[in-house]
Amino acid sequence: MKDLLTIADLGADGIHEIMHAADSFAEVCQRPIPKVPALRGKTIASMFFEDSTRTRTSFETAAKRLSADVMNFSASSSSVNKGESLRDTVETIEAMGVDAIIVRHRSSGAPQQISRWANASVINAGDGWHAHPTQSLLDVYTIREEGRSFEGLRIAIVGDISHSRVARSNIEAFTLLGAEVTLVAPPTLLPPYVETLGAKVSHDIDTVLANTDVLYLLRMQNERMDQALVPSLGEYHRAFGLTPDRARKLADSALIMHPGPMNRGIEISPEVVDDPRVRVLNQVTNGVIVRMAVLYLVLSTAGADRSDA
Amino acid sequence: MVDAELRRPRASRFGRGEMTRFVPHTTVLTADDVARALKRMAHEIIERNSGLDDLVLIGLERGGVPIAQALGEALSSIENVDVEVGSVDASFHRDDISTTHILPEVTRIPFSVTDKHVVLCDDVLFTGRTVRAALDAVTDFGRPKTIQLAVVVDRGHRELPIRPDYIGKNLPTSRNESVRVSLDGVELGSREVLEQGTRESDQ
Amino acid sequence: MSFFIHGGSIVGPKGVERADVLVTGSSIVAVGLDLPVPNSARHIDASGQIVMPGLVDLHAHLREPGNEEAETIETGARGAALGGYTAVIAMPNTDPTTDSPSIVRDVLAIAEGTLCEIVPSAAMTVGREGTLLTPMGELAAMGVRIFTDDGRGVQDPALMRSIMEYATGLEAITGGAPVVLAQHCEVEALSSGGHMHEGEWSTRLGMAGQPAEAETLMMIRDIALARRTGARIHFQHVSTAEGVEIIRAAKAEGLAITAEATTHHFTLTDAVCSSYNPVFKVHPPLRTDADVAALRLGLADGTIDCIATDHAPHEPHTKEFPFDQAPAGMLGLESALALALTELDLPIERIVELMSTRPAEIAGINDRHGNPVETGQRANLTIVDPNAEWTVAGAAMASRSHNTPYEGRTVRGKVQYTFLEGELTVEQGKATR
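Chains as they are written, first to last, in the working numbering: chain C, 97 to 405; chain A, 311 to 513; chain Z, 13 to 445.
Some hints here could point you the wrong way.
The list that follows gives simulated cross-link-like pairs (lysine-lysine, BS3-like), each with its CA atoms no further than 27 Å apart [to be verified]:
hint, chain 1, residue 1, chain 2, residue 2
1, C, K160, C, K98
2, C, K345, A, K349
3, A, K349, C, K131
4, C, K160, C, K131
5, A, K426, A, K349
Quick look at which bits of chain C chain A covers, simulated, 3 or more residues with Cβ under 8 Å [claimed, not checked]:
hint, region
6, 108-119
7, 132-140
Just so you know, the hints here were simulated from the structure itself, not pulled from any lab data. C-beta: ideal position from N, C-alpha, C; glycine also.
Given only the sequences and the hints, what does the whole structure look like? Please build it.
This is the structure:
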């Protein structure tokens with residue numbers, strides 16, 4: 097496939113293939129020289145129309161470990177602020193000769209639009225509230241790394257589902273692989289017609305914890321208070337935050353995950369951050385590995401049959 | 311098995327190569343022949359290296375891995391010492407990534423290669439490009455004292471200055487023939503295209 | 013100049029019937045079979061075609077003055093003629109806003125000699141800012157009959173009440189003709205930030221939505237205020253099933269309410285937004301299958317009075333922004349009749365009511381538009397081949413913009429001839445100038 101835009105595009109088979117390839121890159125990252133010439137001569141444009149140091153760094157590290165050249169584009173320093181259309185911006189970058197474009201955009205659907213205009217491969221690094229497929233892939237990898245099977249795995253996603261691209265992609269990925277997903281949030285942080293996402297819903301984290309294998313916390317943002325979606329971050333923490341009391345209700349074998357950056361004292365109490373079940377740093381490590389696999393597979397446009405045995 | 315029944319078997323979502331199938335014409339070596347060849351090669355390895363000190367085997371994914379394991383067993387039974395066997399997938403070092411694609415396998419070299427005699431093992435030596443890539447891959451892990459090459463079949467048609475140190479059988483072939491090698495034997499045949507073009511539309 | 017239109021069926025006072033039509037000057041001088049035809053008359057073969065009153069669009073954005081890159085009155089009028097229209101009500105969201113007699117005079121002057129009669133509407137509030145009344149009396153005195161802040165609804169209920177009360181006093185100026193207040197129903201507090209219908213699709217696509225209630229709450233408010241003030245309210249681009257129900261109830265109560273539905277709201281749903289192509293972005297947004305079904309029922313049973321286009325040209329590059337940054341609006345004039353004929357299972361007489369008779373009455377231009385094809389009427393006519401199929405292509409349109417949501421769709425019903433005041437504006441499917 098030319099692009100990676102959503103998890104649905106990949107399907108369960110595509111996810112499995114990326115996991116398989118990621119195992120190879122996990123080994124590469126362990127080598128004394130964690131770098132291979134797989135994408136030598138390929139140019140990858142990293143177009144971040146929205147700031148995200150973490151995701152950008154993760155992608156760029158992945159690209160460099162594959163020996164690709166990375167071209168950097170920041171919206172803040174570009175003509176986007178001068179009213180240039182998205183299409184003009186993308187066509188300008190593509191004209192410089194790129195094989196792949198990594199796109200982060202605050203508008204849902206921007207990567208889809210770009211994929212219609214660009215010949216280069218488009219990799220979605222997060223669009224609006226819509227999708228963040230590589231985050232989901234690294235989350236799947238992290239759970240799989242623990243030897244867990246997804247079939248029947250009980251995953252609770254807690255927090256601002258409404259405004260979360262991570263939630264949408266993770267629901268898609270986890271359910272495709274056979275997990276049972278429960279969304280835990282106050283009604284104001286659930287999107288309308290939430291049932292269309294194919295997950296169960298709860299407004300009470302305390303009744304969910306005991307039956308959860310993976311607790312996935314989302315980042316809670318200050319502006320939700322200004323929008324009157326929650327009364328206060330304090331009340332949110334008391335009602336939905338992972339406190340030491342709640343952490344005790346979780347099974348010893350449970351995993352605690354978060355896409356980062358964590359708001360200590362809001363979605364998670366500072367005391368719980370260092371809980372042995374927390375996998376946040378594994379997620380970051382795996383991010384590079386999985387993005388290497390994605391870049392490698394997307395840029396490997398195969399043609400002729402290999403004749404050399 | 312490199313020359314597996316279905317080539318490009320795991321590149322379902324991302325690969326765009328054509329799917330081919332091996333059609334055997336003649337049997338070149340039987341399973342017993344292969345076992346004898348490997349045993350002879352094991353003796354040659356011991357002779358060349360004056361024993362097995364600091365010697366390791368690394369099989370090339372995917373066809374060379376069972377060969378390396380079998381050679382390792384042969385070496386161990388002759389000298390009565392354990393020989394370390396690793397595997398390397400040279401995909402990331404190939405110069406033709408854009409024309410071919412198979413999902414990579416995990417490289418397993420759980421030992422240091424520095425100052426070792428590394429014997430790369432493969433099933434068939436053809437153009438030499440995989441071996442070239444494997445040399446690069448292995449040297450990323452350290453600085454071996456020597457790197458040697460053992461293959462079950464050398465079918466000719468080299469495109470690079472690479473020659474094997476240990477050969478099971480020299481097998482003259484034409485370019486459009488295909489060779490299938492496993493511990494069960496060696497067959498000469500051809501490849502038949504199963505389906506054309508891309509697997510599915512991308513958009 | 014005379015035209016003898018022969019071989020077709022007319023939509024006359026008794027419905028559809030086989031008849032020839034003789035046009036001389038700006039009038040229909042004879043309708044029937046075996047008409048005496050003057051030698052000088054030009055013959056127009058309308059075999060297999062339908063001769064109907066010229067269409068009237070209550071709702072089009074012609075962009076002039078202010079955004080002539082997207083459309084001009086001239087190109088908009090040409091597109092209208094090609095779509096079978098002989099009169100179009102121009103929306104006042106120009107730049108500057110059409111909110112004063114001088115701008116109305118400008119629009120009328122520019123529209124002089126174009127291929128369609130352009131009837132300016134004027135804003136209800138100065139600059140469409142929702143704070144001060146426009147000089148509605150002066151505007152009414154120069155012939156403006158429709159007032160609207162279209163693109164925005166009047167948010168302040170006290171201001172809306174004031175507008176309604178003031179408008180009812182203007183009948184003294186208009187000689188009893190009603191002044192129509194056309195409302196774009198949208199409670200911005202509910203809709204702001206939304207870029208498509210709030211529903212299953214917006215949730216899946218991760219897009220902020222506009223709930224149906226943003227439309228219906230303002231309808232309910234305006235009906236209550238109209239009940240009190242007696243003002244003539246017209247609801248623009250009704251898009252929700254609940255909205256149709258509200259209008260049905262208000263009409264049953266006897267209130268003088270009228271309503272329009274746009275072509276796109278009864279032919280497209282929010283599912284098309286899944287491509288994230290901003291060509292499908294429009295306000296109010298495309299809604300659900302249930303809403304489409306309700307609108308179609310409303311069009312059939314008379315709850316909805318007319319079909320409007322809400323023709324909204326936007327320069328191509330403006331639709332090459334992300335969905336949430338692109339402007340809302342789609343082209344409509346050149347495809348509306350074909351879509352109505354293709355998509356609505358309604359008799360041709362009802363289509364004519366919806367697209368000609370009723371909009372002409374609401375706009376107060378039924379002295380010259382929207383009348384049955386009969387002797388003595390003004391020769392504002394459209395001849396359509398109801399079976400001709402064609403494929404919609406934005407680039408082939410007369411509009412300066414190409415933002416049709418129907419690109420590539422094959423539709424049935426092609427306008428072959430349009431007459432404006434007895435002169436051909438469209439001939440064999442091509443604009444005459």
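Each hint, compared with the structure:
For the proposed pair K160(C) and K98(C), the alpha carbon gap of about 20 Å is at most 27 Å, so the pair holds. As the CA atoms of K345(C) and K349(A) are separated by approximately 60 Å, the hinted pair breaks the 27 Å bound. Between K349(A) and K131(C) the alpha-carbon distance is near 37 Å, which puts this suggested pair outside the 27 Å criterion. Restraint check for K160(C) and K131(C): satisfied, since their Cα atoms lie roughly 8 Å apart, inside the 27 Å limit.
Restraint check for K426(A) and K349(A): the C-alpha separation of about 22 Å stays at or below 27 Å, so the hint holds. Given a C-beta distance limit of less than 8 Å, the hint that chain A covers the region 108-119 of chain C holds, as 6 residues qualify and 3 suffice. Residues of the region 132-140 of chain C with a Cβ under 8 Å from some Cβ of chain A number 4, which satisfies the need for three, so the listed coverage holds.
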